[in-house]
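Chains D and H are the protein sequences, given in the same order. In our numbering, each residue's number is its place in the first sequence (first place is 1) plus 9. In our numbering, each residue's number is its place in the second sequence (first place is 1) plus 9.
Be a bit skeptical, because a hint or two may be false.
Label-pair ranges, simulated between beta-carbon atoms [said to hold, decoys possible]: (1) D:V308 - H:G95: 48 to 58 Å; (2) H:A244 - D:P31: 39 to 49 Å; (3) H:D241 - D:R360: 19 to 29 Å; (4) H:G348 - D:G153: 51 to 61 Å; (5) H:G348 - D:P29: 56 to 66 Å.
Pairs of lysine-lysine residues, derived as DSS-like cross-links and limited to a Cα-Cα distance of at most 25 Å, are as follows [what the hints assert, rightly or not]: (6) H:K130 - H:K390; (7) H:K258 - D:K390; (8) D:K258 - H:K390.
Worth flagging that the hints you see were computed from the coordinates, not collected in a lab. In this text, a Cβ means the ideal position worked out from N, Cα and C, and glycines have one as well.
Number of protein chains: 2
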Amino acid sequence: MTMQTLLDAITTALGDVPRPVPLHEPYFAGQEWTYVKECLDTGWVSSVGSYVDLFEQKLAKKCGVKHAISVVNGTAALQVMLRLVGVRAGDEVLMPALTFIATANAVSHCNAIPHFVECEKSTLAIDGKKLSDYLEKIAHIKDGDLYNKETGCRIAALVPVHIFGHPADMDALQQVADQYGLPLVADAAESLGSLYKGKPVESYGLCSAVSFNGNKIMTTGGGGAILTNSSDLAAKAKHLTTTAKQPHKWEFVHDEIGYNYRMPNINAAMGCAQLEQLDDFLLAKRKIVDAYSRAFDGVNEASFHKEPDYAHSNYWLNAIVLHDVNERDSTLAALNQAGYICRPIWRLMHRMAMYETCPRMDLSISEEMEARVINIPSSVKHGL
Amino acid sequence: MTMQTLLDAITTALGDVPRPVPLHEPYFAGQEWTYVKECLDTGWVSSVGSYVDLFEQKLAKKCGVKHAISVVNGTAALQVMLRLVGVRAGDEVLMPALTFIATANAVSHCNAIPHFVECEKSTLAIDGKKLSDYLEKIAHIKDGDLYNKETGCRIAALVPVHIFGHPADMDALQQVADQYGLPLVADAAESLGSLYKGKPVESYGLCSAVSFNGNKIMTTGGGGAILTNSSDLAAKAKHLTTTAKQPHKWEFVHDEIGYNYRMPNINAAMGCAQLEQLDDFLLAKRKIVDAYSRAFDGVNEASFHKEPDYAHSNYWLNAIVLHDVNERDSTLAALNQAGYICRPIWRLMHRMAMYETCPRMDLSISEEMEARVINIPSSVKHGL
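Only chain D is shown next, with the shape it has when bound in the complex (with noise of 0.2 Å):
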């Protein structure tokens, strides 16, 4: 019986831990207390204080470029790094229809339109060999610039997702984006601590923006951060997020119409202490997927969503996919019940009310991923 093989598996991959098991919760074992408190008993909680330099500084380092800059969220961090690489009012940006509702937000929040593409079955990202294929018949160069003949919007950029952790193949996607003259910019909101052929994959791009909600592998409370190498476009990011004021002693000049983006010192605080778990994090993370490697090693009924042979995975939310198309929700129903609070992958994009007359490729393999994958418990404190 199907269902009772799944759980026994994860109950066999988790062990005995008191249910309900959350999908994801986050772990404070560190200095979370003392910079926080030092931030109340300093006053420095909101936009002075030293932590949100301190945090982007690690950040920084810890994801192998040169600049970060915190943000309240991983939203606003991915709609101000589109701005930023030039996409504007009625542009169609190039990204995935299974994602979070978060990138095609980012993308509506520059008033520009998302532009649906498929995905591999093996990493659940951008396929960038059939987007090649794609490009190729539907669009043309103009002065520089990219086109959808079909639509006559120019294509502004090209947003990978590295979904659950997995890096995209970044390598591919350049080639294409070089092709096409677009800007690569990722939406690394899952995938901070993972590695692409060796390196952090947000050292891949021109920009990527990472995300510290309370779901992810560490937290700032809610949180973000755009990465780059360079330090024109932090500049403009740090600029833009913190209302586009001047430097001035005194005076209140603005030079742009800029966004209140900034994080606040008390959550860079905790972001700092957790940031320094995240080594401990990745490990936990390790031991958890090894449990369920085993667990589901041999199980017929579905299987254990690994990275892909280029990657070393943070495997932030772990995956099972269903080999029956037709049983997700049966099978949603009883591990939901059993006390393990299981999640299928988002509804894809073009399915929603509001995106669902944008463009888009065939998207097949996004479709029947939709209907295979499921999300299992993925808490740091089960590798620990």
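Mind docking chain H on chain D? Use the hints.
Showing chain H alone in chain D's frame:
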């Protein structure tokens, strides 16, 4: 000598305090650490946790409204509030030229156009009489909507700002709003705790947006809220600020283009503790006001800026009004040099590059007051 007189008055009011004296510091003397520690100990720091609900309940009660929806900051509160009352791309929004940049940016983030209106000398807030005369001339109603005859654009909302915490004359503005069929929604970022004709100022108009930035009378690190008596608007605000996700046990279905604007639980925890102290903060502010009033009594060079007769202000930020329009910058230099961190009022919106072509009425009073108003140190601690 002007400078010396002003310096003496500030020194007399504040007493012997270490310099530099900040313009406005937050104050933490309540349960901040207890509540924040509870978040860290339970792991409820982000979107899961009970402090968000508790904070919203306490805040609504304090502001005399049925509903409060907490968000990441005051700008986000303003943007969502404008969208909810029907502001659409291309609309004009009536707002003061004399305000912080966030008011205009929130309008821009709705893809709408700020339309700058004149202030009263007494409150520095919108002058209802002048606005009414102006609309009489430049606007006309067609099919129930108000249009700017000069630009052809719809005028979609009226947004007073309670400058430095002093309530705008809401009855007068409501009359104008009613006459022209405009929703009246307030930028109450600065006025938490202020009363208009004996009731919380946030209970007037259709909704208000407040801020809990670190420089406000109370803080959540970064944060804001939408306040309203309308259950319909409140439900829509909560939906829109939490990615417009439909409630479901596991499905990710979002039914419109939403925002990731929710306030993290750890920031709401701080907010609960700060809100418990708000009455003490308000009393402290009154003591500072009494001291400044006495100290500036008889000073010929400047007047201390006082609340209007109809209001009981929170006196968030104290201000003096110079009698000579040419002495502002030299006065600012001298006060800052002496260790009192002082600021001019914000540069007028229509003098910023990105807003200089926006529609506006005669702004002579705003321009005069821009040249005369200086904010002086106002931290709660000076009144304790």
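Against the structure, the hints come out as follows:
1. Remark: the range hint 48 to 58 Å for V308 of chain D to G95 of chain H is upheld by a beta-carbon distance near 54 Å.
2. Evaluation of the 39 to 49 Å hint for A244 of chain H and P31 of chain D yields a failure: the beta carbon distance comes to about 27 Å.
3. One distance hint, 19 to 29 Å for the beta-carbon pair D241 of chain H and R360 of chain D, holds here, with the actual separation near 28 Å.
4. Between G348 of chain H and G153 of chain D the Cβ separation comes to about 55 Å, which falls inside the hinted range of 51 to 61 Å.
5. Checked against the hint of 56 to 66 Å, the pair G348 of chain H and P29 of chain D passes, with Cβ atoms roughly 57 Å apart.
6. For the hint pairing K130 of chain H with K390 of chain H, the CA-to-CA distance comes to about 29 Å; that exceeds 25 Å, so the pair is violated.
7. For the hint pairing K258 of chain H with K390 of chain D, the CA-to-CA distance comes to about 24 Å; that is within 25 Å, so the pair holds.
8. At roughly 24 Å between alpha-carbon atoms, K258 of chain D and K390 of chain H fall within 25 Å of each other, so this suggested pair holds.
Hint violations for this structure: numbers 2 and 6, all remaining hints satisfied.
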